[in-house]
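Asks: Sequence:
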Amino acid sequence: MDRSPALLVKAAADGDAEAWNQIVDDYHRLVWSVARGFRLSVADAADVSQTTWLRLVENLDRIQNPDQLAGWLATTARRESLRLLRKAQREIPDSEEADQNTSFFGDLEDDGDPEAALVAEQDRSDLWEAFATLSERCRNLLRVVAVTPLESYAAVAEALGMRVGSIGPTRSRCLEHLKRALKALSTVPETAGP
52 MDRSPALLVK AAADGDAEAW NQIVDDYHRL VWSVARGFRL SVADAADVSQ TTWLRLVENL
112 DRIQNPDQLA GWLATTARRE SLRLLRKAQR EIPDSEEADQ NTSFFGDLED DGDPEAALVA
172 EQDRSDLWEA FATLSERCRN LLRVVAVTPL ESYAAVAEAL GMRVGSIGPT RSRCLEHLKR
232 ALKALSTVPE TAGP
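Numbering-wise, the sequence shown is residues 52 to 245 according to this note's numbering.
Just to be clear, a hint being listed does not mean it is correct.
[Claimed, not checked] Derived CB-CB ranges, DEER-like:
no.	residue 1	residue 2	range
1	Asn72	Asn116	33 to 39 Å
2	Glu166	Ser217	38 to 44 Å
3	Gly66	Arg137	14 to 20 Å
4	Ala68	Ala171	38 to 44 Å
5	Ala97	Lys234	17 to 23 Å
6	Leu105	Ser217	29 to 35 Å
7	Ala168	Ala235	43 to 49 Å
8	Glu166	Arg134	41 to 47 Å
9	Glu69	Asp177	40 to 46 Å
10	Ala235	Pro165	24 to 30 Å
Please keep in mind that the hints were generated in silico from the structure rather than gathered at the bench.
Source: prediction; values computed, not measured.
Glycine included, every Cβ here is placed at the ideal spot set by N, Cα and C.
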């Protein structure tokens, strides 16, 4: 059953386990992607996710704008990631380093075929190279859209500070830029061998 974030938050605060499960189902990818965007290990990202959900449980009845739940969760996950990084006294990566070290485009599957693995690795490398040529706005939008259900454009808009009506057209333009960048990479002539 689809309910607005405000109704889900109220129901979860009243002890409705189904509402809580729906919140987690709707937003777990967003929380995870924020944590991984800080180049946290899988274990650290899991800690940030758990802490973010704990903070939500602690504050369910105090959230001032429950319709902006996606923004609240993204902000909380960001703060928890930064807290963890400060605690570990690690350097916070710039956005390009974070792009290169997350599993945003998925992990390679090892099917035992070295040639297929090499081709997949090259494709992934080309995709990252093309992705790095996009504007920061496009990179952020594509990251969030990739982990948020399409029917949650309101959550995407809130998390990125954009108007809901601009998400689709901007996404299309960003994907077109990515497509052109990938095409440019694939048309680069290979160097002649010995």
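Asks: Each hint: holds or not?
Replies: Verification of the hints:
Against the hinted window of 33 to 39 Å, the Cβ-Cβ separation of Asn72 and Asn116 comes to about 22 Å, which falls outside the hint. The hint said 38 to 44 Å for the Cβ distance between Glu166 and Ser217, and at roughly 43 Å that hint holds. Take Gly66 and Arg137: their Cβ atoms lie about 35 Å apart, and the range 14 to 20 Å is violated. For the hinted restraint 38 to 44 Å between Ala68 and Ala171, the CB-CB distance of approximately 41 Å keeps it satisfied.
The hint said 17 to 23 Å for the Cβ distance between Ala97 and Lys234, and at roughly 37 Å that hint is violated. Distance hint for Leu105 and Ser217: a CB-CB separation of about 34 Å, consistent with the stated range 29 to 35 Å. About 25 Å separates the C-beta atoms of Ala168 and Ala235, a value inconsistent with the hinted range of 43 to 49 Å. Checking the proposed 41 to 47 Å range against Glu166 and Arg134 shows it holds: the Cβ atoms sit about 44 Å from each other.
Distance hint check for Glu69 and Asp177: the Cβ-Cβ separation is about 43 Å, which falls inside the suggested range of 40 to 46 Å. Look at Ala235 against Pro165: about 28 Å separates their beta carbons, and that is inside 24 to 30 Å.
Going through the hint list in order, the structure does not satisfy hints 1, 3, 5, 7.
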